[in-house]
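Under our numbering, the first residue of the sequence shown carries the number 127, and numbering increases by one thereafter.
A couple of the hints might just be wrong.
[Unchecked claim] List time: in silico PhoX-like cross-link candidates among lysine-lysine, alpha-carbon distance up to 20 Å:
(1) K361 with K424
(2) K357 with K303
(3) K435 with K409
(4) K413 with K424
(5) K303 with K361
(6) K305 with K463
(7) K463 with K361
(8) K213 with K361
(9) K435 with K424
(10) K496 with K413
(11) K531 with K508
(12) K463 with K508
(13) K413 with K435
(14) K361 with K459
Just so you know, the hints here were simulated from the structure itself, not pulled from any lab data.
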Amino acid sequence: MVMADTESCSSRAVDFAPSQRRKQREKIEVYSEVLCRLRDLNIEESTFPAFEDELWAHFSRLPTRYALDVNVERAEDVLMHKRLLSKARDPAGRPAIQVRLVQLRSAMDGSQVESVHMKFAGKADAQVHPPPAFGTSSDLEFVHNAKRVVKDMEVMFSAKPIHYRLMHEITISTNDKPKLLAQLTFLLSELGLNIREAHAFSTTDGYSLDVFVVDGWALEDTEQLRNVLVKEISKVEKLSSVRSHAINHVRELEKTGNKLNSSHVNMPGSGNDVWEIDTSLLKYESKLASCSYGDLYKGTFYGQDVAIKVLRMEHLNENLRREFTQEVNIMRKIQHKNVVQFFGACTTPPNLCIVTEFMSGGSIYDLLHKQKSGFKLPLLLKLAIDVSEGMSYLHQNGIMHRDLKAANLLMDENG
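Using the sequences and the hints given, assemble the complete structure.
Following this line, the structure appears as structure tokens:
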């Protein structure tokens with residue numbers, strides 16, 4: 127992976143002091159090799175006067191592990207990572223996502239030499255799609271050994287070609303934040319994807335570069351996968367932003383001595399300050415529905431459209447208080463793409479309310495009865511699968527819905 131003893135393409139002056147760390151030297155060597163390869167490929171961007179500095183800035187802002195792991199033979203991938211990180215700087219460009227098909231070498235039986243023959247004999251026909259941007263240590267060792275063997279002996283073209291597996295490689299760049307990798311892996315899992323490889327990097331200026339190799343999605347639907355990821359990750363980021371604002375607001379109140387009212391509804395073991403919402407930050411827009419014990423409103427919270435369920439104090443009794451406490455306690459624990467996202471709650475009388483994401487598509491009941499619409503089979507199947515997955519998630523977490531009906535099945539703008 128590191129550059130051989132040849133003349134560097136870079137004009138950057140490098141003085142290896144005795145005390146300089148070996149990994150830092152390797153980062154510079156990888157940078158130089160990538161620069162050479164990009165120029166050999168006649169990549170126009172690599173001829174720009176400022177490109178050397180921009181490419182070095184890219185390597186500098188990422189950990190040394192990035193340079194050691196990236197496949198320098200695919201120098202174009204480094205350029206793709208650089209572009210995604212640049213796009214992520216613009217709020218309108220986040221999350222910056224690239225999805226493509228890649229080929230992974232399948233494990234084969236037989237001796238190592240035989241495997242080498244199979245790899246290189248089949249390479250010309252098999253390499254329609256690129257390999258992943260990052261290889262596992264076993265892959266890198268295999269390639270190194272393969273090149274050495276091929277150099278020392280003739281390739282047996284009659285050997286059986288090696289098999290390759292097609293998978294999707296997902297590259298995501300966005301604002302770095304605590305638990306981001308956990309959120310992304312959870313989301314990919316919820317989409318039915320199996321993560322085969324994962325590489326996560328954080329930049330020195332607060333951005334992330336996460337690369338996943340996955341299967342479980344139709345190979346011909348690459349663009350659809352990207353569109354789904356953009357939508358779902360954007361939802362996660364909005365939720366994280368709202369929660370972050372709410373937590374910071376609580377901390378500011380505590381700093382100034384204006385703590386939240388301690389008479390809130392008791393939430394045992396909840397650490398409810400994290401979810402506690404100051405109702406002065408809620409903006410009510412319109413009433414959506416009413417029932418005997420409360421009202422449902424559309425509103426905004428830190429600019430995010432939300433649904434606000436408000437309990438009427440005149441009907442508040444011990445049973446209703448217990449149900450409210452139980453609902454908040456359950457909703458704060460669950461996170462699933464087919465369950466309405468919980469933003470927070472106010473547990474301080476007389477402003478008891480629960481704030482969730484607003485589902486602009488309305489309910490299935492409204493669609494069926496008020497608009498007199500029916501469902502075509504593909505949409506009907508999608509709805510059935512979504513409901514089944516959401517209910518399965520709840521049951522796996524020991525939660526019973528107890529009120530599953532068309533009026534409680536909500537849709538976003540995409541159904």
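Evaluated hints:
This hinted pair checks out: K361 and K424 have alpha carbons roughly 18 Å apart, not beyond 20 Å. Note on K357 and K303: the hinted pairing holds, with a Cα-Cα distance of about 19 Å set against a maximum of 20 Å. Using a Cα cut-off of 20 Å, the hinted pair K435 and K409 holds, with the two alpha carbons roughly 13 Å apart. Simply put, K413 and K424 have alpha-carbon atoms about 6 Å apart, close enough for the 20 Å limit, and the pair holds.
Of the supplied pair hints, the one linking K303 and K361 holds, its CA atoms being roughly 15 Å apart against a limit of 20 Å. Among the hinted pairs, K305 with K463 is consistent with the structure: their alpha-carbon atoms are about 17 Å apart, no more than 20 Å. Pair hint K463 plus K361 holds up; C-alpha atoms about 9 Å apart against a cutoff of 20 Å. Distance hint between K213 and K361 is fulfilled; the C-alpha atoms sit about 18 Å from each other, no more than 20 Å.
Restraint check for K435 and K424: satisfied, since their Cα atoms lie roughly 9 Å apart, inside the 20 Å limit. Between K496 and K413 the alpha-carbon distance is near 18 Å, which keeps this suggested pair within the 20 Å criterion. Distance check on the hinted pair: K531 and K508 sit about 17 Å apart at the alpha-carbon level, within 20 Å; holds. Restraint check for K463 and K508: the C-alpha separation of about 13 Å stays at or below 20 Å, so the hint holds.
At roughly 10 Å between alpha-carbon atoms, K413 and K435 fall within 20 Å of each other, so this suggested pair holds. Using a Cα cut-off of 20 Å, the hinted pair K361 and K459 holds, with the two alpha carbons roughly 17 Å apart.
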